[in-house]
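Participant: Can you make the complete structure from the sequences, with help from the hints?
Quick note, the sequences are listed as chains A and B, same order. Those letters in the first sequence? Residues 1 to 114, per the numbering used here, in order. Those letters in the second sequence? Residues 1 to 114, per the numbering used here, in order.
It is possible that some hints are incorrect.
[Unchecked claim] What the simulated footprint calls covered on chain B by chain A, stretch by stretch (three residues with Cβ under 8 Å from a Cβ of chain A suffice, anywhere in the stretch; the number is not a length):
1. 70-83
2. 87-99
[As the list claims (entries may be wrong)] A few chain B residues facing chain A, derived, Cβ under 8 Å:
3. T7
4. L45
5. V48
6. Q103
7. G106
8. G108
Treat the hints as calculated values from the structure; they're not laboratory data. Quick caveat: nothing in here was measured; it's all calculated off a predicted structure. Ideal Cβ placement from N, Cα and C applies to all residues, glycine included.
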Amino acid sequence: AQSVTQLGSHVSVSEGALVLLRCNYSSSVPPYLFWYVQYPNQGLQLLLKYTTGATLVKGINGFEAEFKKSETSFHLTKPSAHMSDAAEYFCAVSSTHINNDMRFGAGTRLTVKP
Amino acid sequence: DTEVTQTPKHLVMGMTNKKSLKCEQHMGHRAMYWYKQKAKKPPELMFVYSYEKLSINESVPSRFSPECPNSSLLNLHLHALQPEDSALYLCASSQEGGGQETQYFGPGTRLLVL
Numbered sequence: 001a002q003s004v005t006q007l008g009s010h011v012s013v014s015e016g017a018l019v020l021l022r023c024n025y026s027s028s029v030p031p032y033l034f035w036y037v038q039y040p041n042q043g044l045q046l047l048l049k050y051t052t053g054a055t056l057v058k059g060i061n062g063f064e065a066e067f068k069k070s071e072t073s074f075h076l077t078k079p080s081a082h083m084s085d086a087a088e089y090f091c092a093v094s095s096t097h098i099n100n101d102m103r104f105g106a107g108t109r110l111t112v113k114p
Numbered sequence: 001d002t003e004v005t006q007t008p009k010h011l012v013m014g015m016t017n018k019k020s021l022k023c024e025q026h027m028g029h030r031a032m033y034w035y036k037q038k039a040k041k042p043p044e045l046m047f048v049y050s051y052e053k054l055s056i057n058e059s060v061p062s063r064f065s066p067e068c069p070n071s072s073l074l075n076l077h078l079h080a081l082q083p084e085d086s087a088l089y090l091c092a093s094s095q096e097g098g099g100q101e102t103q104y105f106g107p108g109t110r111l112l113v114l
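Facilitator: Below you can see the structure in the form of structure tokens.
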């Protein structure tokens, strides 16, 4: 079965600094990889996803992620953090185009300091 | 319209009560999902419906009973719940149920079992 590991349950950055949230996956077949964001008392919203093709994926709100098969990683980055980026971020993986059995990582809470 | 709506937003119930959670989407999606999310934890998949048929049941206790009356509606019937069932219950939908699809989440129902 597929799984993801998010390194760091809590990341704190200053406003304007680089954001880097780490995600490593495990899958016996080519994975589909996702980053979702959850603001307090809300549901989840897709930031970006990798299915096939270009390994550098651009998402909403200036975020991007790169699929690196050799490192089994899908880290999320943003060049300059904004206060509004403070939220919980989940990396997720699914492994088949037939059924959606998506599994989430434990999550990383991003804090942005003024 | 990419909205998934859930009612009620909050629910308090006793262990002997019967209640239902409701989820609705009008995006023409044919797959719908129930997740359970405990505080500071990732969402855990409970059930998946694809074309109104139950396709995934993640060994959820029988006190949770899903129902998909049509392609736009998803219900979760609750009976004889335990205090440990208190959580945020999230509904999501996607196009057909494939693993590469984006899931659109509702805001959730926050359930407290006394």
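Participant: Please go over all the hints and tell whether each is borne out by the structure.
Facilitator: Right, here's what the structure says about each hint:
1. 70-83: It is violated: at least three residues are needed, and the segment 70-83 of chain B offers just 0 whose Cβ sits closer than 8 Å to chain A.
2. 87-99: Contact hint for the segment 87-99 of chain B vs chain A: holds, 6 residues under 8 Å.
3. T7: violated (14 Å)
4. L45: With Cβ-Cβ at 7 Å, under 8 Å, it holds.
5. V48: holds (6 Å)
6. Q103: holds (7 Å)
7. G106: At 5 Å from the nearest chain A Cβ, B/G106 passes the 8 Å test, so the hint holds.
8. G108: For B/G108, the interface hint holds, since the closest Cβ of chain A sits about 6 Å away, which is under 8 Å.
The structure fails to meet hints 1, 3 from the earlier list, while all remaining hints are met.
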